[in-house]
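Residues per chain are reported as follows:
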Amino acid sequence: MPELPPIPLAGWVDQLVEWLVLHYGDALGDVNNWIVYRIGFFERFLSQWLPWPLLTLAFAALAYHASRSLRLAAGVAAAFALIWALELWTPTMQTLSLMSVSLFVTVALGLPLGVLMSQSDRLRAMTMPILDFMQTMPSFVYLIPVVMLFGLGTFAGVLATTIYAAPPLVRLTDLGIRLVDADVVEAATAFGATRRQTLFGVQIPLALPNIMAGVNQSIMMALAMVVIASMIGVRGLGQEVLYGLQRQAPGTGFVAGLSIVLLAIVLDRITQAYGRRLAAHRQIAR
Amino acid sequence: MSTVSDIVLRNVTKIFGPTPTQVLEQLRAGATKEALLAQTGHTIGVREVSLTIEAGSCFVVMGLSGSGKSTLLRHLNRLIEPTAGEILFEGQDILRLPPEALRRFRRDRTSMVFQRFALFPHKTVLENAAYGLNLQAHGGAERRANLERARRWIERVGLAGYEAQYPSQLSGGMQQRVGLARALATEAEVMLMDEAFSALDPLIRREMQEALLRLQTELHRTIVFITHDLDEALRLGDRIAIMNDGAIEQVGRPEEILQRPANAYVARFIEDVNRGRVLTAGAVRLEAIIAQAHEAPQAVLERLRGQPLPVAYLADAEGRLAGALSAAALRGAAAGVGLPALARPVPSAPQSLALERVLPLTLESDFPVAVVDDAARIVGMLSKDRIIAALAAQVAPPAPRA
Numbered sequence: 000m001p002e003l004p005p006i007p008l009a010g011w012v013d014q015l016v017e018w019l020v021l022h023y024g025d026a027l028g029d030v031n032n033w034i035v036y037r038i039g040f041f042e043r044f045l046s047q048w049l050p051w052p053l054l055t056l057a058f059a060a061l062a063y064h065a066s067r068s069l070r071l072a073a074g075v076a077a078a079f080a081l082i083w084a085l086e087l088w089t090p091t092m093q094t095l096s097l098m099s100v101s102l103f104v105t106v107a108l109g110l111p112l113g114v115l116m117s118q119s120d121r122l123r124a125m126t127m128p129i130l131d132f133m134q135t136m137p138s139f140v141y142l143i144p145v146v147m148l149f150g151l152g153t154f155a156g157v158l159a160t161t162i163y164a165a166p167p168l169v170r171l172t173d174l175g176i177r178l179v180d181a182d183v184v185e186a187a188t189a190f191g192a193t194r195r196q197t198l199f200g201v202q203i204p205l206a207l208p209n210i211m212a213g214v215n216q217s218i219m220m221a222l223a224m225v226v227i228a229s230m231i232g233v234r235g236l237g238q239e240v241l242y243g244l245q246r247q248a249p250g251t252g253f254v255a256g257l258s259i260v261l262l263a264i265v266l267d268r269i270t271q272a273y274g275r276r277l278a279a280h281r282q283i284a285r
Numbered sequence: 000m001s002t003v004s005d006i007v008l009r010n011v012t013k014i015f016g017p018t019p020t021q022v023l024e025q026l027r028a029g030a031t032k033e034a035l036l037a038q039t040g041h042t043i044g045v046r047e048v049s050l051t052i053e054a055g056s057c058f059v060v061m062g063l064s065g066s067g068k069s070t071l072l073r074h075l076n077r078l079i080e081p082t083a084g085e086i087l088f089e090g091q092d093i094l095r096l097p098p099e100a101l102r103r104f105r106r107d108r109t110s111m112v113f114q115r116f117a118l119f120p121h122k123t124v125l126e127n128a129a130y131g132l133n134l135q136a137h138g139g140a141e142r143r144a145n146l147e148r149a150r151r152w153i154e155r156v157g158l159a160g161y162e163a164q165y166p167s168q169l170s171g172g173m174q175q176r177v178g179l180a181r182a183l184a185t186e187a188e189v190m191l192m193d194e195a196f197s198a199l200d201p202l203i204r205r206e207m208q209e210a211l212l213r214l215q216t217e218l219h220r221t222i223v224f225i226t227h228d229l230d231e232a233l234r235l236g237d238r239i240a241i242m243n244d245g246a247i248e249q250v251g252r253p254e255e256i257l258q259r260p261a262n263a264y265v266a267r268f269i270e271d272v273n274r275g276r277v278l279t280a281g282a283v284r285l286e287a288i289i290a291q292a293h294e295a296p297q298a299v300l301e302r303l304r305g306q307p308l309p310v311a312y313l314a315d316a317e318g319r320l321a322g323a324l325s326a327a328a329l330r331g332a333a334a335g336v337g338l339p340a341l342a343r344p345v346p347s348a349p350q351s352l353a354l355e356r357v358l359p360l361t362l363e364s365d366f367p368v369a370v371v372d373d374a375a376r377i378v379g380m381l382s383k384d385r386i387i388a389a390l391a392a393q394v395a396p397p398a399p400r401a
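So the sequence lines, in the order shown, correspond to chains A and X.
Mapping the first sequence onto numbering that gives the first Met the number 0, position 229 (from 1) lands on 228, and the numbers just tick up by one.
Mapping the second sequence onto numbering that gives the first Met the number 0, position 286 (from 1) lands on 285, and the numbers just tick up by one.
Read the hints as simulated data drawn from the structure, not as lab findings.
Source: prediction; values computed, not measured.
Idealized CB from N, CA, C, for every residue including glycine.
Some hints here could point you the wrong way.
What the hints assert, rightly or not - In silico negatives: residues of chain X with every beta carbon more than 10 Å from chain A:
hint, residue
1, Leu94
2, Gly139
3, Ala298
Stated by the list, open to error - Covered stretches of chain X (chain A as the covering partner; in silico rule of three or more C-beta atoms under 8 Å from a C-beta of chain A):
hint, region
4, 101-109
5, 121-134
What the hints assert, rightly or not - So the derived label-pair ranges between C-beta atoms look like this:
hint, chain 1, residue 1, chain 2, residue 2, range
6, X, Glu141, A, Tyr36, 43 to 49 Å
7, X, Pro17, A, Trp11, 41 to 47 Å
8, A, Trp18, X, Glu99, 44 to 50 Å
9, X, Asp200, A, Leu108, 45 to 51 Å
Chain A extracted, bound-state conformation (with noise of 0.2 Å):
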């Protein structure tokens, strides 16, 4: 049997995060804080100032927008009234905030990167295995050194989100793209588009119903980290669950969950709907 040398790449890391915490920690430290106080600042708003009656009615009215449907409308209205009759309206207005935070960050990162992706085979080469590393590496694996960096609290739970929730945006959009008929895209070229002209004005519109669906699936991705950021200090409803987890409460973590499913459905709901209207007049019809 050849012998082979150990590689010590867990110590590789642990000198390049302490390496990292120590030129940078209080530098991380004071970008946590600022975007740490922001955050919050949205939290409270959604959570205190605006009555629980008002949002509910705006995303009723957001269901209704999409969908055309008071069905569906009057739906999320009971979803949003059962989670307040639970007493879990505060938790959820956290949860809320960190996912719309983290959506935020998904697509302004994501998309741009998708799009990039679709404009270039070798960087999409690259991309993907980084991608396919994002979704399948547990996340406590990378919640280690983002604590030792950012600590814990709501920074952390918003890269850790982030980091989770990207990946399948970013496919879609490039995919969606690429999948653009290439009969229209030819068309553009034909008469004399420039290459940006034919991205934004053919290719993106068109990628659309592909696009939703990619911020569909970053929703419910978000969603599933909820528990697990938690665990690094993350308020809101998986507070709920692990303090049902540790209390060995079934009832605290069931409601909790169910009011995790709720929001998902409707989130689900909502953006499923706008990625049908959005449909509507990309097909090409033969």
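Given chain A, work out where chain X should sit, using these hints.
Structure of chain X alone, referenced to chain A:
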């Protein structure tokens, strides 16, 4: 003959494969498509094509699928880059245009109509028609003017009232009208049409062909039309190129190709054509003896000697048809009787009339039908025998391969 805005192709060749330039020498040495594929793994798209596409005419490239016709068309706006050759337009080799100039050439000088329409499904009919215009100029004020111009083109292709619809709400024929409006609206002189009507039902196809011919009589765009349908080629083309395996087999006017196929391939191709519908009176007309009113009957009779048919036609001062004169009538004419008194009425056919519609006219009279131009001037004649010979492909036997 050739003007600067003609499109001139010289030895245009396209080889598909990893190292096309290396294969070029073998191709020029005369290697066959099969041999090149077997030895080098390269496919010949277009083989040494030289052509002149006259400005303002409709040039049809006709061939079966895989003959390289769509590849050739895409060379003209460089959607596909040829391996070798020159394509001259206004004295400039468009294959040498740098990217930005190429883009402007595509935007301002050419437009394109696609087999599967390739409309923008997320844009309305009006926005689709305005697409090329909006690429040409897209300031706020221009945008409104563009939409206005696009609206006029939508009316001209017969889609008024559908401006706000989306392509998915229209039938295939209507969608291709949008495609046509989008191409016409930019007012580019060169219009590339890639099997534009092939995806349509026969009746709709016929309608679209007629619409295109109608528009072309006013617009005189330089149209390069690709088709695999010979009837369509013969109906639309001022000139037709027949392509096979990437090479041009024959170029000529429709009646030239029908009457003098250059080789066995073309001859086999045109076998099943309804010649009565394609050949026109002008194309197969016979020379006619034309007499002026002041001439003496004897003089006309003299000129008729040795002619296959004993008929002359009387023309007025402008050359317009005034009647037919039979040799018998001329011979029996009493002294002092002028030609106008001897002339008999005779049916006439415009030179653009299809033979199948000339044939019934021959039954109306014993005289051969007079063939006249747009101004009713006599340009020739057509007898029953001549028409039947033309329909039976007996007018001119295939010439030996050049």
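Here is what the structure says about each hint:
Consistency note on X/Leu94: stated as away from chain A, and its beta-carbon is indeed over 10 Å from all of that chain's, at 16 Å minimum. Its beta-carbon lying about 17 Å from the closest one in chain A, X/Gly139 satisfies the requirement of being farther than 10 Å from that chain. Residue placement check: X/Ala298 keeps its beta carbon more than 10 Å from all beta carbons of chain A (closest about 63 Å). Here's how the region 101-109 of chain X fares: 7 of its residues keep a CB closer than 8 Å to some CB of chain A, so the rule of at least three is met and the hint holds.
Evaluation of the coverage hint for the region 121-134 of chain X: fulfilled, as 4 residues show C-beta separations to chain A shorter than 8 Å, against a requirement of three. Restraint check, X/Glu141 to A/Tyr36: a C-beta distance of roughly 47 Å satisfies the suggested window 43 to 49 Å. A hinted range of 41 to 47 Å holds for the C-beta pair X/Pro17 and A/Trp11, which are about 42 Å apart. In this structure, A/Trp18 and X/Glu99 meet the distance hint of 44 to 50 Å, their C-beta atoms being roughly 48 Å apart.
Between X/Asp200 and A/Leu108 the C-beta distance comes to about 49 Å, which sits within the given range of 45 to 51 Å.
The structure agrees with every numbered hint stated previously.
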